[in-house]
Every structure is written in structure tokens, then in C-alpha cells.
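Peer 1: From first to last, the protein sequence lines are chains A and B. The opening residue of the first sequence carries number 1 in the UniProt record's numbering; numbering runs sequentially from there. The opening residue of the second sequence carries number 1 in the UniProt record's numbering; numbering runs sequentially from there.
It should be emphasised that the hints constitute simulated quantities derived from the structure, not laboratory data. Please note: incorrect hints may appear among the correct ones.
Under the rule of at most 30 Å between Cα atoms (straight-line distance), these lysine-lysine pairs were calculated in the DSBU-like manner [what the hints assert, rightly or not]:
#  : chain 1 : residue 1 : chain 2 : residue 2
1  : B       : Lys321    : A       : Lys25
2  : A       : Lys63     : B       : Lys207
3  : A       : Lys57     : B       : Lys207
4  : B       : Lys321    : A       : Lys73
5  : B       : Lys206    : A       : Lys63
6  : B       : Lys561    : A       : Lys57
7  : B       : Lys382    : B       : Lys356
8  : B       : Lys561    : A       : Lys25
9  : B       : Lys321    : A       : Lys57
10 : B       : Lys237    : B       : Lys347
11 : B       : Lys154    : A       : Lys73
12 : B       : Lys321    : B       : Lys206
13 : A       : Lys25     : B       : Lys116
Residues of chain B clear of chain A, computed beta-carbon distances all greater than 12 Å [stated by the list, open to error]:
#  : residue
14 : Glu26
15 : Pro257
16 : Glu281
17 : Asp442
18 : Gln465
19 : Met556
For the chain B half of the interface with chain A, some residues (derived, Cβ under 7 Å), not all of them [said to hold, decoys possible]:
#  : residue
20 : Met130
21 : Thr134
22 : His139
Glycine included, C-beta positions come from ideal geometry on N, C-alpha and C.
If you want the building blocks of each chain, they are given just below.
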Amino acid sequence: MKRIVTAIVHNRSGVLNRVTGLLAKRQFNIESISVGRTETEGVSKMTFVVEIEDERKLEQLTKQLNKQVDVLKVSDITDKAIVARELAMIKVISNPQVRSEIQGIIEPFRATVIDVSRENTTIQVTGNSDKVDALIDLLRPYGIKELARTGLTAFTRGHQKQVAEIKSYSLLK
Amino acid sequence: MKAEATYNVKTAPRTGADLLVEALIEQGVDTLFGYPGGAVLPIYDAIYRAGGSFDHILPRHEQGAIHAAEGYARVSGRPGVVIGTSGPGATNLITGIADAMMDSLPVVIFTGQVAKGVIGTDAFQESDVMGITTPITKHNYQVQRIEELPRIVKEAFHIATTGRPGPVVVDIPKDISSTVHEAKVDASFHLPGYQPTLNPNPLQIKKLHDALLQAKKPVVLAGAGIIHAGGSEELSKFVEAYELPVTTTLLGLGSFPGSSQLSLGMAGMHGTYTANMALYESDLLINIGARFDDRLTGNLQHFAPHAKVAHVDVDPAEIGKNVPTDIPIVSDAKAALEALNHHPSSKLNHNDWLEKTQANKDEFPLWHQDVDSEIAPQWLMKKVHNYTNGDSIVTTDVGQHQMWAAQYYSFHQPNRWVTSGGLGTMGFGFPAAVGAQVADPDAKVIAVVGDGGFQMTMQELSLLQERKLPVKVLIVNNQALGMVRQWQESFYDKRYSHSIIDTQPDFVKLAESYQIPGYRLDSRDQVEEILPSVLNDPHPAVIDCRVMQEENVYPMIAPGKGLHEMIGVKR
Numbered sequence: 001m002k003r004i005v006t007a008i009v010h011n012r013s014g015v016l017n018r019v020t021g022l023l024a025k026r027q028f029n030i031e032s033i034s035v036g037r038t039e040t041e042g043v044s045k046m047t048f049v050v051e052i053e054d055e056r057k058l059e060q061l062t063k064q065l066n067k068q069v070d071v072l073k074v075s076d077i078t079d080k081a082i083v084a085r086e087l088a089m090i091k092v093i094s095n096p097q098v099r100s101e102i103q104g105i106i107e108p109f110r111a112t113v114i115d116v117s118r119e120n121t122t123i124q125v126t127g128n129s130d131k132v133d134a135l136i137d138l139l140r141p142y143g144i145k146e147l148a149r150t151g152l153t154a155f156t157r158g159h160q161k162q163v164a165e166i167k168s169y170s171l172l173k
Numbered sequence: 001m002k003a004e005a006t007y008n009v010k011t012a013p014r015t016g017a018d019l020l021v022e023a024l025i026e027q028g029v030d031t032l033f034g035y036p037g038g039a040v041l042p043i044y045d046a047i048y049r050a051g052g053s054f055d056h057i058l059p060r061h062e063q064g065a066i067h068a069a070e071g072y073a074r075v076s077g078r079p080g081v082v083i084g085t086s087g088p089g090a091t092n093l094i095t096g097i098a099d100a101m102m103d104s105l106p107v108v109i110f111t112g113q114v115a116k117g118v119i120g121t122d123a124f125q126e127s128d129v130m131g132i133t134t135p136i137t138k139h140n141y142q143v144q145r146i147e148e149l150p151r152i153v154k155e156a157f158h159i160a161t162t163g164r165p166g167p168v169v170v171d172i173p174k175d176i177s178s179t180v181h182e183a184k185v186d187a188s189f190h191l192p193g194y195q196p197t198l199n200p201n202p203l204q205i206k207k208l209h210d211a212l213l214q215a216k217k218p219v220v221l222a223g224a225g226i227i228h229a230g231g232s233e234e235l236s237k238f239v240e241a242y243e244l245p246v247t248t249t250l251l252g253l254g255s256f257p258g259s260s261q262l263s264l265g266m267a268g269m270h271g272t273y274t275a276n277m278a279l280y281e282s283d284l285l286i287n288i289g290a291r292f293d294d295r296l297t298g299n300l301q302h303f304a305p306h307a308k309v310a311h312v313d314v315d316p317a318e319i320g321k322n323v324p325t326d327i328p329i330v331s332d333a334k335a336a337l338e339a340l341n342h343h344p345s346s347k348l349n350h351n352d353w354l355e356k357t358q359a360n361k362d363e364f365p366l367w368h369q370d371v372d373s374e375i376a377p378q379w380l381m382k383k384v385h386n387y388t389n390g391d392s393i394v395t396t397d398v399g400q401h402q403m404w405a406a407q408y409y410s411f412h413q414p415n416r417w418v419t420s421g422g423l424g425t426m427g428f429g430f431p432a433a434v435g436a437q438v439a440d441p442d443a444k445v446i447a448v449v450g451d452g453g454f455q456m457t458m459q460e461l462s463l464l465q466e467r468k469l470p471v472k473v474l475i476v477n478n479q480a481l482g483m484v485r486q487w488q489e490s491f492y493d494k495r496y497s498h499s500i501i502d503t504q505p506d507f508v509k510l511a512e513s514y515q516i517p518g519y520r521l522d523s524r525d526q527v528e529e530i531l532p533s534v535l536n537d538p539h540p541a542v543i544d545c546r547v548m549q550e551e552n553v554y555p556m557i558a559p560g561k562g563l564h565e566m567i568g569v570k571r
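Starting from the given sequences, assemble the full structure and let the hints guide the process.
Peer 2: Right, here's the structure in full:
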């Protein structure tokens, strides 16, 4: 199962190495990871997307991360109401004849053209990973010259909607 | 001594190394295990100038320093402190750092590093200590500014010794230790990401208490966490109140008196049949301070299959890691036992169970064969126990001799058994004995080592000679890598690939070259004649004891098998 896990960490040198090393050592497969500073000075946030076998492995993951001295808080936010975004930049081969066609394709995705040259157009798109995947699929036939994705970053919404599935919040599970 | 005439400690400017020395003194450190080198020269200069503040033990290889520090930590309960230089000094410490991590020993390691300006240029004697030690430490630091050195030292000791103990590395670039520093520094620290839970949740304790009152076949598994927490007395009080049978892990030996009627002995791969069957059949398993290592559990499918599992551990990540847990209790072992003892106890209805475990003890004891006058290693261990009244400190490497010592040297008190359990390190036992003797100068310390493991760190004989340490090195010499040979016999059709080592030094002459008395024992008569006086002698000794080569460690849970499938059990 795919999980979205966030970790609030001290922004110190070596922390990313420590965290990714830990995940590698315990055989967790990281699909994407994004790190950046937060509103608090000296504190960064990491967002991992990990493919995990079962609940027990997931528990191990969060516990092992929590053990790290520089890790302040670990949350699995997969089942919460969240906002999640990824940014991708896609450089597509585009002669002048197809440029407007590409413009038509990217418009529903609210993607923007951020660079144009004689042979290429570079497009920026943000959204959840599925949306980014979909746009990349549509652009692929034109020939993708270069592609860079940031990986998912996410946090919970300001208002958490009522939970329908009570089981995961119960002590009796 | 001439240096002192030209160097005034009081008026001299203070360097980073002086700050380090002051921080160590403030931590109450009086013993250092270390080896000098280029990148730690400023530190060694500060140690020199600090006069007799430290007892500095100089091994002949850094591996000796860190294993000695581990032995020191195990016996004294205080952190072992190690200093190594950059590059090879640091890499030579790696085995011991990993060993301390696996066995949760509090060790603080200071490594020198090349100057900040040349880090990353592959400078002379540079190695990426942070990168290398990250996966094998509880935490590590590289000091970037001289002002933060005192705080980092404080944090390092705090992290190494609290919660689940472990090794912490502090890497100090040479310019940091040599730079003069005038300003006042603030060494206070706040670690919001490190707040170990030490006291149990009362609700969970009540759950365990309720489960105990329901149990028909309860068993306690006592691990090293009890020893680290100093909870042996509380354990005895708890198990006696309810008359609970107790098995220990390899590292938990001594947490509960082996001589007690309630003791079933050690569990696991080479544990007793009684202990393993108690785990297999139990309906309530109370694990206190053990981490369900695979050498203990055997095949997880058959591990305590009928039991409700309660697990007390100070490290929440251990709970549920290997064995699903019904009653998790995150707590220091001693605090949890105190909380349990606080509940009014009542008699359990488990007489059948007690009788059965006792009957198993009588019916399936540990056994071995004696052949003529040859020395059976098991017999030897029993003799060593008798000659020392079972109250000496025993250290070992990994392998057959380790298992025989664990099986036949019955431990009655904590902190007397120093062995490499998790990492299984050859060469650990002898330097660990040096550290143990330094920690407890009056104790009788016996390094039970194999002929293979001893040859990995035997250069530390220098320390016995130099420091007049009365450590007894008992080589259980079967002229083979015994456990490797046993596995090749059992699982590789006797293809003894590179496990028989019959070209050996003359250990007696080797000892004598260090001015240490050496003895060679070839027969049981010689053991009985010579060993008692040598063991009780106030001088060091090397005893080369030639034991039967073909002897195997039994009983055994073969790899992939369950607790109930022990082989080599004799009725």
C-alpha cells in the first residue's frame, strides 16, 4: 500500500542522510521524498511517499523515524483530509506547428508554459501525482526531452472532515 | 615532566581540546580508552596538561580500546569513553561501535577529524566518520563551531546513557580542538526530539496484571533491559510474588539468579529444552527488556504460538517489531516492575504448570559426554564455576565457548556476564575483560575465549603486563573455528572449509613474551591440579586449555526450526 508520511526535523547537516539511510537499512522503498524549510526557523519538513507491505511495517517505519534525535514529529497522513501537491517541469519537443496543440492539452491541467525555444517548450504543472502522471502521458507522444519532478509535499487541511471509517481511530482494533 | 615548567595551565589560553577535557571532567569521566594520532594531537596535549585527571588506557589497536570501553560500561554501568584519531583510527573503531549498538551499551566515542578546511578533499587520514557511523550509532555529531563543543559533549553523554543506551560518536575537526577560545560558552541543551518514555502507562500495567491473574501457563522472559535499568531485585520480587517461571536471553543472564528454583535457564538457539518448551507452551509470555532476536525466537511461526504476549521495552520501536504484541508497555524495565509490584499480588492457579516446568528441568537437563581424560569444554566451564564460586566476571567472544559459558557458568548477579550477543564479534572477549577489570579492580575477571577469537585481539596482552591487571585468559582451544566447524558438520556434510586451524602460536610462550605466566592444560587431571590456584592467583595468566575438537554445542534449534523442535536433547 502507498502511504504518505511526513516528518518534522531539525534542519541540521546529515539529517536527510540519516533518515534515508535508516529507511534503506530497514528495506523501505521510498517512491518520492521532498524536503524544505517550514515556518519555524531551523525546522524542516520531509514528505515521503513509501510503498509498504502492511500495517506492521508501517508502524515500524514511523517508530524508527521517531527514534531519531533530530526528528520531532512523524505523521502518517494518508487517510486524513490533506492537501498534496507535486511540481513537474516537462521539456517537450515542439516545432511551431504543434505549439498551439500543446497549449490546448495543458490548459485543462492549469499548467503553464515557462520557456519556449525553437525546438522545445517547457511546461510547469502542479497538482497531485496522478494529475502530473496524466499530463505526462498526454505529452509523451510529442517527445519528452527532459522531465523533473519534485516529489509529493503535503500537509493536513485546516479543517478535518468527519471520519467515516471509525476503525482506524479505535483503541479496539 | 619538563613541559610543565614552561607551560602554565592556569594562564594558558584555552583551546577547543581544553573545553573537551573540562566537559569530560564535568561528566565525571575518569577513565579514557584511546589511541593518539595526528588529528587528536591537540586533545592528547590537553589531556597531558590536565595532569592526572584521567586514567588513560592505551590499547595496541583501536578495536581493543572500544571493546574495553564496552566491558567497562557493562560492568560499571557508566559510559565507556573512547578517543580515536581520524581516518584509520576511526575506522578501526567501527566493529566496536556496531557491537555497542547491537547490545545497547553506553559508549561515547570521540574521533579526530582533519581540519574543516580540508574535509572532503580526501586529505591525509580523512574518512567520512559521520557517513560511516550513522547506521551504527544512536546518534552522531560533527562539531562545526568551537562554541558548541561543550553542549555537544553534554548531549552525547545524555543520549548515550538514557532511554535505551547506545553509542554516540562526536567527530572533532583538528582546527576546532586546536583553536584558542576565549568567550564564555553556554552548554545547556534542549532535545525536543529525544524524550524517552521511562514510566509505564498505568492502564497497560493493569492490563498485564489482569492477564496474569487469568494465566494458567505464564512465563517471564528476562532480557538485558533489566540489567541496564538496575531492576534485578524488582524482578525477583515480582516473580516470587506470583511464582512465575523465568527464562533469560543470552544477554539477560544474571538478571535473575540462575540458581533459583524458578529459573529455567537460558532460552533460544542453544537454550535449555525446559526454557524453550515453556515459551512454546505458555499462554502468557511476559517479555521484560528483550528484543525478540531471531537467535532467541527460532522460526517465528512457532514462537509462543498459544501465548498472549506482553512486552516491556524502553524503546517503542522494539515492541511489535518481530513478534505481535497484545500488551505493549513502553517503559524502563525497573519502573515497569515497580508498578507491577505495586499491585496487590494474589496466588495464581498454575500449579500444574509449575510442576511441569520443574519436571522438564529434571528430565531434560543439559548434558555432555566425557571421553577418557580428555577435557570436555562443558565440564571445564562447570569447573571454572566451581573454582570461582560462580561470582567472577566472565567475558567471551562469539561461538562455541560462548554458548558453553552461557550454559554452564550459572550467573547469580547482574553485570557479571559480558558477551557480544547481537553483533557476535570475535575478538571481543579479551579486551572487554580488560575494561571490566579496570571498572572493577577487585573482581575476578575471566576472559573465556576461543583460539580463533583470541588471535584477533591478543595484542592487548600488553595491557595486562603494563597495568598489572589480573585478568585470566582461558583459551578454550579446539584448534578450530568451533561453531563454524559444527555448522559445517551438521549442515554442510562435514565439508570443513577453512575452519580447522591447527597452526597456532605457542600460547604459553606468547604469554611469557609479555611477562605473563602461561599454562597449557591437556588433561582433566591437569585442569584439577593447576586451574584452581591459577584462577585464584592475584596475577594475570594465559591458560591454553586443549579441549575435544569434535565436541558440539547442544541442544540446538536448527536454523528455520521452531522452539519445540530442538535437537540434541537427552532424556
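Peer 1: Hints the structure violates: just list their numbers, smallest first.
Peer 2: The structure breaks none of the hints.
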